[in-house]
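Chain order of the listed sequences is A and B. Here the first sequence is numbered in this note's numbering, starting from 1 and rising by one per residue. Here the second sequence is numbered in this note's numbering, starting from 1 and rising by one per residue.
Any given hint could turn out to be false.
Unchecked claim - Sample of chain B residues facing chain A (criterion: CB under 8 Å; computed from the structure): (1) R61; (2) T65; (3) G69; (4) T90; (5) E93; (6) P126; (7) F191; (8) R192; (9) G193.
Hints listed in this document are in silico derivations from the structure and should not be mistaken for laboratory results. This one's a predicted model, so the numbers in the text were calculated from it and none came from an experiment. In this text, a Cβ means the ideal position worked out from N, Cα and C, and glycines have one as well.
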Amino acid sequence: MMTFQKRDVMKALTSIAIQKVLNDISAPAYEKVSKKLQKEYKCYIPDCYDHPEYLESVLKSIFGNAYTAIVEQIRVELAEHIDDNGINLLIKTMAR
Amino acid sequence: MLSISKKDELQKLLLITIVCSGFTILVSTMLGKEVVKQVTDVMYIITTAAFVILSSILVLRFKKTGDHGKAWLFLLGTSVSWFLAETTWTAYELIYDKNPFPSIADVFYIAGYPLMLGFLMYYLKPVRRAITKKMILAAIMISATIAIPSIYMAYSPEPDVTVFENVLATAYPILDSIIFIPAIIGIALFFRGEVNFTWSLICTGILCFAIGDIGFQYATFTNTYYTGHPADIVLMWSYILFSFGVYDHVRIFRKSGQSTENSQLDNWC
Chain A
1 MMTFQKRDVM KALTSIAIQK VLNDISAPAY EKVSKKLQKE YKCYIPDCYD HPEYLESVLK
61 SIFGNAYTAI VEQIRVELAE HIDDNGINLL IKTMAR
Chain B
1 MLSISKKDEL QKLLLITIVC SGFTILVSTM LGKEVVKQVT DVMYIITTAA FVILSSILVL
61 RFKKTGDHGK AWLFLLGTSV SWFLAETTWT AYELIYDKNP FPSIADVFYI AGYPLMLGFL
121 MYYLKPVRRA ITKKMILAAI MISATIAIPS IYMAYSPEPD VTVFENVLAT AYPILDSIIF
181 IPAIIGIALF FRGEVNFTWS LICTGILCFA IGDIGFQYAT FTNTYYTGHP ADIVLMWSYI
241 LFSFGVYDHV RIFRKSGQST ENSQLDNWC
């Protein structure tokens with residue numbers, strides 16, 4: 001039987017939440033953010049769980065001041081799991 | 001660095017296009033009213049056709065996905081509506097030799113406004129949480145200043161201007177000021193972001209539309225309007241600005257060579 005560590009599950013949940021929020025904007029917006037993360041930080045969406053500052057910087061560079069609304073939407077999506085340290089840190093880092 | 005140089009190139013091209021279009025109309029004016037009428041009408045069709053083509057490219061790229069996908073569909077509707085308006089105007093003027101104002105062309109011009117409003121609203125929808133009351137209030141105040149001169153003019157037209165012509169000519173700057181509200185909010189929201197250049201161009205385009213429409217209203221009320229009037233130069237600029245704004249978005253969100261979508265979640269652990 002396959003077992004998952006809580007951290008991996010939270011990482012996956014974070015990825016799904018980010019993907020959902022960006023896809024709600026548009027599929028090209030999701031692609032653009034993914035591409036920029038790879039190009040500038042050599043990381044993927046799931047890595048934002050460990051490096052939320054990368055996602056924050058990419059969102060800021062594309063959407064300017066409006067990035068706060070996207071971060072807020074991600075926070076709403078992850079509200080149920082806010083007790084997880086990683087997710088809590090992600091939200092706090094991006095919402096600075 | 002590459003994207004900055006491309007943006008610089010785009011800005012240069014935009015400036016050249018704006019200067020050339022204005023210069024072409026001015027030179028044509030010197031050659032007589034018949035020449036300027038034909039040149040301006042053809043230029044209007046070319047610029048709105050470019051606007052339709054670029055909007056179609058964005059619609060195909062976004063494929064109705066998310067709120068922005070819907071927004072670009074609305075913008076395509078706007079561009080098609082204004083292309084039809086310009087084509088109808090030209091047909092009235094150059095083929096049937098009739099005065100195109102007021103005419104069926106106005107139906108297409110007016111129809112473009114709710115579609116443009118739809119575009120602006122859908123584009124701002126995902127980031128609506130960042131909109132503050134202060135922003136809305138400031139945008140309304142700025143927009144209201146655009147509508148004031150046209151409302152003032154509506155009360156003092158020439159006696160031979162009919163009530164219908166008066167209402168129609170006044171409606172354009174008022175509609176411009178309405179669509180200017182979300183455009184200003186967009187500028188504030190996307191400030192310092194990549195998409196801000198698109199918004200700046202769309203916002204400036206709407207402002208040019210408002211200035212051109214006020215000029216058209218004034219010229220209509222004083223019976224001095226002709227196709228190729230200086231107001232037309234400003235109106236032409238707005239179509240150019242919209243087209244460049246859309247092109248900039250095509251450039252920002254162009255499809256990458258390889259699909260990243262599937263590889264993303266495969267790399268989560």
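- Message: Quick check on the hint: B:T90 CB to chain A CB, less than 8 Å?
- Response: violated, 35 Å
- Taking the least C-beta to C-beta distance, is B:T65 closer than 8 Å to chain A? holds, 4 Å
- Message: The hint names B:R192 as touching chain A; please verify it with the least Cβ-Cβ distance against 8 Å.
- Response: holds, 4 Å
- Query: Going by Cβ atoms only, is B:G193 closer than 8 Å to chain A?
  - Reply: Given a least distance of 3 Å, the restraint on B:G193 holds.
- Query: Taking the closest Cβ pair, is B:P126 under 8 Å from chain A?
  - Reply: Nearest chain A Cβ about 5 Å off; hint holds.
- Evaluation of the interface hint that places B:G69 against chain A, nearest CB under 8 Å: holds, 5 Å
- Item | Proposed interface contact between B:F191 and chain A, which counts if any beta carbon pair is under 8 Å | Holds. Min distance 5 Å.
- Report holds or violated for the interface hint on B:E93, using the least CB-CB distance to chain A and a cut-off of 8 Å. Status violated, d = 40 Å.
- Message: Take the shortest C-beta to C-beta distance between B:R61 and chain A; is it under 8 Å?
- Response: Check passed: Cβ of B:R61 comes within 6 Å of chain A, closer than 8 Å.
Comparing the model with each earlier hint shows violations of hints 4 and 5; every other hint is respected.
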